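A.B. asks: Heads up: the protein sequence lines correspond to chains A and B, in order. The opening position of the first sequence corresponds to residue 1 in my numbering, with each subsequent residue numbered one higher. The opening position of the second sequence corresponds to residue 1 in my numbering, with each subsequent residue numbered one higher.
Mixed in with the good hints, there may be bad ones.
Stated by the list, open to error - Below are the SDA-like pairs computed for lysine to any residue, each with C-alpha atoms no more than 20 Å apart in a straight line:
{"id": "1", "chain 1": "A", "residue 1": "K241", "chain 2": "A", "residue 2": "R146"}
{"id": "2", "chain 1": "B", "residue 1": "K199", "chain 2": "A", "residue 2": "G77"}
{"id": "3", "chain 1": "B", "residue 1": "K2", "chain 2": "B", "residue 2": "A97"}
{"id": "4", "chain 1": "A", "residue 1": "K241", "chain 2": "B", "residue 2": "G261"}
{"id": "5", "chain 1": "A", "residue 1": "K125", "chain 2": "B", "residue 2": "N46"}
{"id": "6", "chain 1": "A", "residue 1": "K44", "chain 2": "A", "residue 2": "T72"}
{"id": "7", "chain 1": "A", "residue 1": "K125", "chain 2": "B", "residue 2": "A264"}
{"id": "8", "chain 1": "A", "residue 1": "K241", "chain 2": "B", "residue 2": "F258"}
{"id": "9", "chain 1": "B", "residue 1": "K237", "chain 2": "A", "residue 2": "R240"}
{"id": "10", "chain 1": "B", "residue 1": "K199", "chain 2": "A", "residue 2": "D106"}
{"id": "11", "chain 1": "A", "residue 1": "K125", "chain 2": "B", "residue 2": "E43"}
{"id": "12", "chain 1": "A", "residue 1": "K125", "chain 2": "A", "residue 2": "D57"}
{"id": "13", "chain 1": "B", "residue 1": "K199", "chain 2": "B", "residue 2": "A97"}
{"id": "14", "chain 1": "B", "residue 1": "K199", "chain 2": "A", "residue 2": "A103"}
{"id": "15", "chain 1": "A", "residue 1": "K241", "chain 2": "B", "residue 2": "K171"}
{"id": "16", "chain 1": "B", "residue 1": "K171", "chain 2": "B", "residue 2": "G398"}
Because the hints were derived from the structure by calculation, they are not lab data. Note that the coordinates shown come from a computational prediction; the quantities given were computed from them, not determined experimentally.
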Amino acid sequence: MTTDHATDPRTACTVERDGRITFALRLPPADPGGRLLLRLRPKKGGTEHLRHLLALDTAVDGHRTAVLPAGTVLAEGRWDVHLVDGPDGGHRRVRPGPRDLRALVDGHTRDRAAPVAVRIPYVTKDGFLAVRAWLRDAHAETRRVRAAEGALTAAARLHGTEFGPGAAVRLRLRGTRTERLVTPRVADDRRDFTFAVALADLVADADPGAGQRFWDVSVRPAEAAPWVRLARLLDDVADRKHIHVQPAALVGDTAVRPYYTVDNDLSVTVTPAG
Amino acid sequence: MKISFLLHNAYGIGGTITTTFNLAQALAERHTVEIVSVLRHRERPNFTLDPRVSLRPLVDLRQEKEHPAHLRPARVFPAAEYRYHQYSELTDERIGACLADLDADVVIGTRPGLNVHLALQAPQRVARVGQEHLTLDNHPPRLRTALRRAYRRLDVLTTVTEADAAAYRRKMRLPGVRVEALPNSVPDPVLPPADGDAKLVIAAGRLVPVKRYDLLIEAFARVAAEHPDWQLRVYGKGEEHDRLRALIERLGLSDNVFLMGPAAPMEAEWVKGSIGAAASNFEPFGMTLVEAMRCGLPVVSTDCPHGPGEIIKDGVDGRLVPVGDAAAFGEALLELVRDDERRRRMGRAALENARRFAPGPVVRQAERLLEEACEARRTGRPVTRDRDPVGRVLTGRGHAARDAVYATGSSALRTIRKARR
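Given the sequences, and given the hints that come with them, work out the whole structure.
C.D. replies: This is the structure:
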């Protein structure tokens, strides 16, 4: 699809601390109709299109605004922003104007209740506006992660739940049932925790020539509680994989590096030499 | 007026591109404006251009990279220019043809090699304005010699600082050419200014050695040691990226210092921070300093030639620290990190003081210069009145002779080196 960059609709947006997003579009005054459509990009192979329609208010100083309230639940994923203004409901994707995300920058300093919902407006690779959403029953926000001196160590904080008896941290080898379990050290507030895993345990029992392997990191707050993925979600950075890069540590010839996935979840790569 | 800008590549990211777009857009309110981009390598510019300004590329690298004429060296574009290797017989031809057919009252060059093109090839009726976004003192002697000959044929030459304008007047003999400082302008921000609360230092620019992001990161290590909840974000891309990443890892700053990649425009990023930073060894102007200040950030900068000292008032709206001194830079950052009230006060002063770089005043000055240049073309009288012709001629000749000696010397050295191979 080719579109004229200069005439595509364009919207500014502002995000409040609680996740409420206000969109502000400059549209011809002769065009009183129109709504904003947020549409969830279907997962690979999927066809389901979740949608939210937002009414556009009448113009104030030449702008028309639409509000996505904090209470509206966005399923986890990437939501493309469209303007519906065709006579028969036709819609066009919207270009990004200024994105005022400053209220999100220190988001990790505020405790969240369940479910933990995060939305960050961002610019897609092809230059359109979209909203990255996370929705989790509970969340573990990493603060500091290190692979050094023979151990993977991390500090994180629970949101939307708290620790009870029987807590565990799990690293699971992606695509397998192989697991490593360790007990977290939990702070008095039952939310902050740290843990350490020997790097040797992450390198051991690899088939020779198996190539790169990935461990995904989760925490179980209590004996019967569901596993909670460790991730870094609570600020303004929608895609941190290439921004928040951790150093690798060597175990023999094998490099072990904690990293953030395309979904900002915490994982660890194990890369044999050669 | 009909105004044409001649720009190296409108599709990239950089201070010259930003400031040319800003000026072109502001002039388009009352004039017919186009930007001629010598090169093009992608579909659309990184910065959105006001549709009132037309954009015309001359050589499209996506199709013409292997064009036979593009593989032969340029003859008009001076060999001593920094970007000579990106120019060719093809660019010579296209720029020459573009200038010959130019339907404009005034043409504005935006870098030395393009100023040479318009000095030599613009039609007689078209006024010629050269813009220098770099500085005379940093040009190699061979380039200075080439410019000294060509720039006499300009009507107006603008620099971005008073210091550089003074250097041109003192060291070049340019009779009949008006030399004047025209600062870069930064549009009025659309977002509310930063409130000074965020624990975030921001820097932006190409990741190249002269910007000294290595020094900035070392300086920030002192901040992170005392205040681990503070972050440094560096926006931009470039050849230093991997080295900087390695430095961040070596200093254990992976959770405090982030290489964010390029962002255009930067405004929404500046307002997230509470301190701007620039550690360059050399900064012809310092566009990012003004951008940060216009968003309400006090800026800590090295006091390098030429721009920062003309932009920042030390201790009032920012800090100026000696070049290359990581300890002093870190201490200046810490002063602002430790003292919330001082940081906020300096941020408000920055917002106020940077208004002089708003498009209004800068565009009025540019308009006056362009009108004078056109008038000079029409009447055949030069734009400038030289107050001390004799003295200026003599010093100008002295500098010319010195550059010529350096230029001959360096080409003789090259000949010797070649003979040795």
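A.B. asks: When you check the alpha-carbon spacing of A/K125 and B/A264, does it fall within 20 Å?
C.D. replies: holds (14 Å)
A.B. asks: Is the Cα-Cα distance between A/K241 and B/K171 20 Å or less?
C.D. replies: The hint is violated at about 51 Å.
A.B. asks: For a C-alpha distance cap of 20 Å, please report whether A/K241 and A/R146 respect it.
C.D. replies: holds (16 Å)
A.B. asks: Assess, step by step, whether the Cα of A/K241 is no farther than 20 Å from the Cα of B/F258, and give holds or violated.
C.D. replies: holds (11 Å)
A.B. asks: For a C-alpha distance cap of 20 Å, please report whether B/K199 and A/G77 respect it.
C.D. replies: Cα-Cα ~29 Å, so violated.
A.B. asks: Take a quick look at whether B/K199 and B/A97 sit within 20 Å of each other, Cα to Cα.
C.D. replies: violated (53 Å)
A.B. asks: Is A/K125 close enough to A/D57, meaning Cα to Cα at most 20 Å?
C.D. replies: violated (29 Å)
A.B. asks: Going straight from one Cα to the other, do A/K241 and B/G261 come out at no more than 20 Å?
C.D. replies: holds (12 Å)
A.B. asks: Straight-line Cα separation of B/K199 and A/A103 no greater than 20 Å?
C.D. replies: holds (12 Å)
A.B. asks: Check whether the Cα positions of B/K199 and A/D106 lie no farther apart than 20 Å.
C.D. replies: OK: B/K199 and A/D106 at ~8 Å, within 20 Å.
A.B. asks: Check whether the Cα positions of A/K44 and A/T72 lie no farther apart than 20 Å.
C.D. replies: violated (25 Å)
A.B. asks: Taken at face value, is the distance from the CA of B/E43 to the CA of A/K125 at most 20 Å?
C.D. replies: Holds: A/K125 and B/E43 sit about 14 Å apart, inside 20 Å.
Hints 2, 6, 12, 13, 15, counting from the list given before, are not met by this structure.
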